[in-house]
Amino acid sequence: GESVGLHLPTLSVQEGDNSIINCAYSNSASDYFIWYKQESGKGPQFIIDIRSNMDKRQGQRVTVLLNKTVKHLSLQIAATQPGDSAVYFCAETNQGGKLIFGQGTELSVKP
Amino acid sequence: EAGVAQSPRYKIIEKRQSVAFWCNPISGHATLYWYQQILGQGPKLLIQFQNNGVVDDSQLPKDRFSAERLKGVDSTLKIQPAKLEDSAVYLCASSQPLGVHNSPLHFGNGTRLTVT
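Note that the protein sequences, when read in sequence, are chains A and B. If you use the working numbering, the first sequence corresponds to residues -1 to 109, in order. If you use the working numbering, the second sequence corresponds to residues 145 to 260, in order.
No lab work stands behind these hints: they were computed from the structure. There's no promise every hint is true.
Lysine-lysine pairs mimicking DSSO-like chemistry, simulated, CA-CA at most 30 Å apart [to be verified]:
(1) B:Lys155 with B:Lys188
(2) B:Lys227 with A:Lys69
(3) A:Lys54 with B:Lys159
(4) A:Lys69 with B:Lys206
(5) B:Lys206 with A:Lys54
(6) B:Lys227 with B:Lys206
(7) B:Lys159 with A:Lys40
(8) A:Lys69 with B:Lys155
(9) B:Lys227 with A:Lys96
(10) A:Lys69 with B:Lys188
(11) A:Lys96 with B:Lys206
(12) B:Lys222 with A:Lys96
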């Protein structure tokens, strides 16, 4: 069946360091992937997405890498700030399919 | 642009009572979703509407959950009767008509339901 999971449930980084959040997916038919950030008491907020015809996509301070060979997705946050503290979810879908979320990784930024 | 609006923000009820949640999507978003998010987990889709029609309700517990979007804009999700395991955050999301594969979902801040 379809599943999206995260390697680490929690991640603690020092302010100013780079953060890497990982995600594994099992459905090889998935061709669209999204990272969401969820702060306490709020709904998930879109960060960045990537389609399967790409290996890398960059946004402002964030980069998403997709390795289709091993079905792995990662989110890199440069110069992590206290405001980046949140739970990060990866989600996957394919044409006509549902958006399926992973369990989430809680990022904690130490000042 | 205004985001997805949901109310109430919090609700506490006893088991076997009924409860309703309301959602107003982003203007122009034809697709509306209700998700259930249990503490510590990712959101799980309950139902998807395209305008006022149901696209997917395969994971909606239809014996107790119901949802409607009569005029293709606002939506309500109802639980009757509630069970303890229904305690969760209920998130509403909306997107452009092409759906999740072509445009990201925009979420509201959810309604946190506690069933005692």
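query = So which of those numbered hints doesn't the model satisfy?
reply = Numbers 2, 3, 4, 5, 8, in rising order.
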